[in-house]
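Engineer: Protein sequence lines correspond, in order, to chains A, Z and W.
Numbered continuously in the UniProt record's numbering, the first sequence closes out at residue 290.
Numbered continuously in the UniProt record's numbering, the second sequence closes out at residue 184.
Numbered continuously in the UniProt record's numbering, the third sequence closes out at residue 79.
It should be emphasised that the hints constitute simulated quantities derived from the structure, not laboratory data.
Each hint should be verified, as a subset may be incorrect.
[What the hints assert, rightly or not] Calculated from the model, a selection of chain Z residues having no Cβ within reach of chain W, i.e. all distances over 10 Å: (1) Asp16; (2) Met24; (3) Leu27; (4) Ile40; (5) Val61; (6) Gln82; (7) Glu85; (8) Ala86; (9) Ala88; (10) Thr139; (11) Ala143.
[Claimed, not checked] Cβ-Cβ distance ranges computed for the label pairs, FRET-style: (12) Glu4/W <-> Tyr73/A: 22 to 32 Å; (13) Pro56/Z <-> Val251/A: 49 to 59 Å; (14) Val103/A <-> Gly39/W: 32 to 42 Å.
All C-beta atoms in this analysis are idealised placements derived from N, C-alpha and C, irrespective of residue type, glycine included.
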Amino acid sequence: MPKPPLNNRAQVRRTMGTTEVSILVFFAVVIVALIVISVLFSVEGESELAFHPMDQFMIKPLFGEYGDPVYWYTVTNLTFWMALAVLCVVLMFVLGTRGRAIVPGRSQSVAELTYGFVFKMVEDVTGKEAVKFFPYIFTLFLFILFANFVALIPTSASPTSQITVTAFLALAVFLTVTVVGFVKNGMKFLGLFWVSSAPLALRPILAIIELISYFVRPVSHSIRLAGNIMAGHAVIKVFAGFAAITAIAPVSVLAITAIFGLEVLVAFIQAYVFTILTCVYLKDALHPSH
Amino acid sequence: MAIDTIDLELAGSCVDDGGSAIGMPQLCDAWFANQIFWLIVALVAIFLILTRIALPRVSAVLAERSGTISNDLAAAEDLKRQATEAEAAYEKALTDARAEAQRISGEARAAIKADLDAAIAVADEKIGAKAAESEKQITEIRAGAAASVAQVARDVASEIVTALGGKADAATVNAAVDARVKGN
Amino acid sequence: MELEAASALGQFAGAGLAAIGSGLAAIGVGNVAGNFLAGALRNPSAANAQTATLFIGIAFAEALGIFAFLVSLLLMFAV
Chain A
1 MPKPPLNNRA
11 QVRRTMGTTE
21 VSILVFFAVV
31 IVALIVISVL
41 FSVEGESELA
51 FHPMDQFMIK
61 PLFGEYGDPV
71 YWYTVTNLTF
81 WMALAVLCVV
91 LMFVLGTRGR
101 AIVPGRSQSV
111 AELTYGFVFK
121 MVEDVTGKEA
131 VKFFPYIFTL
141 FLFILFANFV
151 ALIPTSASPT
161 SQITVTAFLA
171 LAVFLTVTVV
181 GFVKNGMKFL
191 GLFWVSSAPL
201 ALRPILAIIE
211 LISYFVRPVS
221 HSIRLAGNIM
231 AGHAVIKVFA
241 GFAAITAIAP
251 VSVLAITAIF
261 GLEVLVAFIQ
271 AYVFTILTCV
281 YLKDALHPSH
Chain Z
1 MAIDTIDLEL
11 AGSCVDDGGS
21 AIGMPQLCDA
31 WFANQIFWLI
41 VALVAIFLIL
51 TRIALPRVSA
61 VLAERSGTIS
71 NDLAAAEDLK
81 RQATEAEAAY
91 EKALTDARAE
101 AQRISGEARA
111 AIKADLDAAI
121 AVADEKIGAK
131 AAESEKQITE
141 IRAGAAASVA
151 QVARDVASEI
161 VTALGGKADA
171 ATVNAAVDAR
181 VKGN
Chain W
1 MELEAASALG
11 QFAGAGLAAI
21 GSGLAAIGVG
31 NVAGNFLAGA
41 LRNPSAANAQ
51 TATLFIGIAF
61 AEALGIFAFL
71 VSLLLMFAV
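Excised from the complex, chain A in its bound form:
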């Protein structure tokens, strides 16, 4: 019975659209090319696996010799990518809104949507009287968002993967929240730790737990962002390390592609989460009663 398989195959071919076929062909070509390239370049020998997933987070001077000392004012690779993030903000919010059109164009409406997104978040989560903190929160959001996104460019150094950077951001939020809380509410701000809805016997224990969780906030706030970005980049680097083995290289490239897609998502979500947590903490400072 030689006929049924043939028929089947014809049927399969018919049910697959031209798009799927071209995608398959594209991937086949890419994989073959990768194998060829990796075979050609592995002639140099030294196919031992060398993982340095953390090297991408090193600070290097942008100008001058590699290995030059890094002083506090030295222009480093981190400076460059931060500047790129600032440039993105300028492009989006200064050049994009240049027209001040009543009926916005494409770039202007992106800027307005971002503005509206964060503004609504601040208003919904924190309340109307927190609108005066909006520029501060918006600055944090835009810096983290664009730093995350420019860090997705290959060979970049990502500012938000540096625990120092995120710790500074989180500590700034923590200090702002604490200062605002005490200035606005005075000693009543300590009511945040005194859960008046709980039974009296439990309140001291709850107060200790609340106090600990209050001081852990900047830690989790900063480590969450840095950890997510660092983990994603390190995983990509590890998969890239596997690409040194010819047989695994195609799988490794596909895995990098998949992780990259995930990282695009994470880049936005972490900026969003950092901002919304800032709003939540600020709400505690403005309305400390439980």
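Got chain A sorted already, so can you dock chains Z and W onto it with the hints?
Structural biologist: Using the frame of chain A, we list chains Z and W on its own:
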């Protein structure tokens, strides 16, 4: 790593002689000051750009747009109100016109009816007069005819008598005829 | 040296064990998201207003996993 001419003293304690990081590069305290300095610069730059240029501009545009939209909505509301008014006016005019038409046609009908009644009355009168006259004439004619019948009978009788060869005595004939007419 | 080898072994084994914690946090995050989805499908009109709460919940669930991840990293690189 290809670079092997690194001055380890200058590069800091976080780089090994292969140029790779020792431990986590993020935890290298030699780089903290640099990172924080440039972070502050970047944040201040973004903050200034936003508060000086971007946010006033965007919020102005948004306010202007919402103003325009509410103006347009108010104008649309106004136009809608005007349209409703115009429709009401039109409706009222239509009702008035209909009532007017009703009235006019009623009046015309009444006038026509009055004319018609008058004409009918005149006609009735005329017909009555004519009928009375005719009645009189008929009565006269009938009376005339009755008188004539006697005369004719007398004449015919005398003629017949004459024709039969007799001599018609007028008085006798008349008496006979009268007797005959009366007695039948 | 014997002690050094044992120390390295303990370091890496500890790092691996700590990394399990971030996997456990994934269960928590999945729990939050799944319950949100179940609720959102029951009452889709209320779902939009609760997206922020969803992300806050995910962030808190993730925080503890991040601590495990941090411990793992510290064991790997900083000890």
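Engineer: Each hint: holds or not?
Structural biologist: Checked hints:
Every CB of chain W lies more than 10 Å from the CB of aspartate 16/Z, the least distance being 13 Å, so the non-interface label holds. In this structure methionine 24/Z is not separated from chain W by more than 10 Å, as the shortest Cβ-Cβ distance comes to only about 4 Å. In this structure leucine 27/Z is not separated from chain W by more than 10 Å, as the shortest Cβ-Cβ distance comes to only about 6 Å. At roughly 25 Å from the closest C-beta of chain W, the C-beta of isoleucine 40/Z stays outside 10 Å, upholding its exclusion from the interface.
Annotated as non-interface, valine 61/Z keeps its C-beta farther than 10 Å from every C-beta of chain W; the closest such distance is 26 Å. With a least CB separation of 38 Å from chain W, glutamine 82/Z remains clear of the 10 Å interface cut-off, as annotated. The Cβ of glutamate 85/Z lies farther than 10 Å from every Cβ of chain W, with a closest approach of about 39 Å, so its non-interface assignment holds. Once the 10 Å rule is applied to beta carbons, alanine 86/Z is consistent with being away from chain W; the minimum gap is 40 Å.
For alanine 88/Z, the condition that its CB be more than 10 Å from all CB atoms of chain W holds, with the nearest at approximately 39 Å. Annotated as non-interface, threonine 139/Z keeps its C-beta farther than 10 Å from every C-beta of chain W; the closest such distance is 106 Å. Look at alanine 143/Z: its CB is around 112 Å from the nearest CB on chain W, clear of 10 Å, so calling it non-interface holds up. Here the CB-CB span from glutamate 4/W to tyrosine 73/A is close to 40 Å, at odds with the stated 22 to 32 Å.
Between proline 56/Z and valine 251/A, the C-beta spacing of about 52 Å keeps the proposed range 49 to 59 Å intact. Taking 32 to 42 Å as the suggested C-beta distance range, the pair valine 103/A and glycine 39/W conforms, at roughly 39 Å.
Hints 2, 3 and 12 from the list above are not met by this structure, while the remaining hints are.
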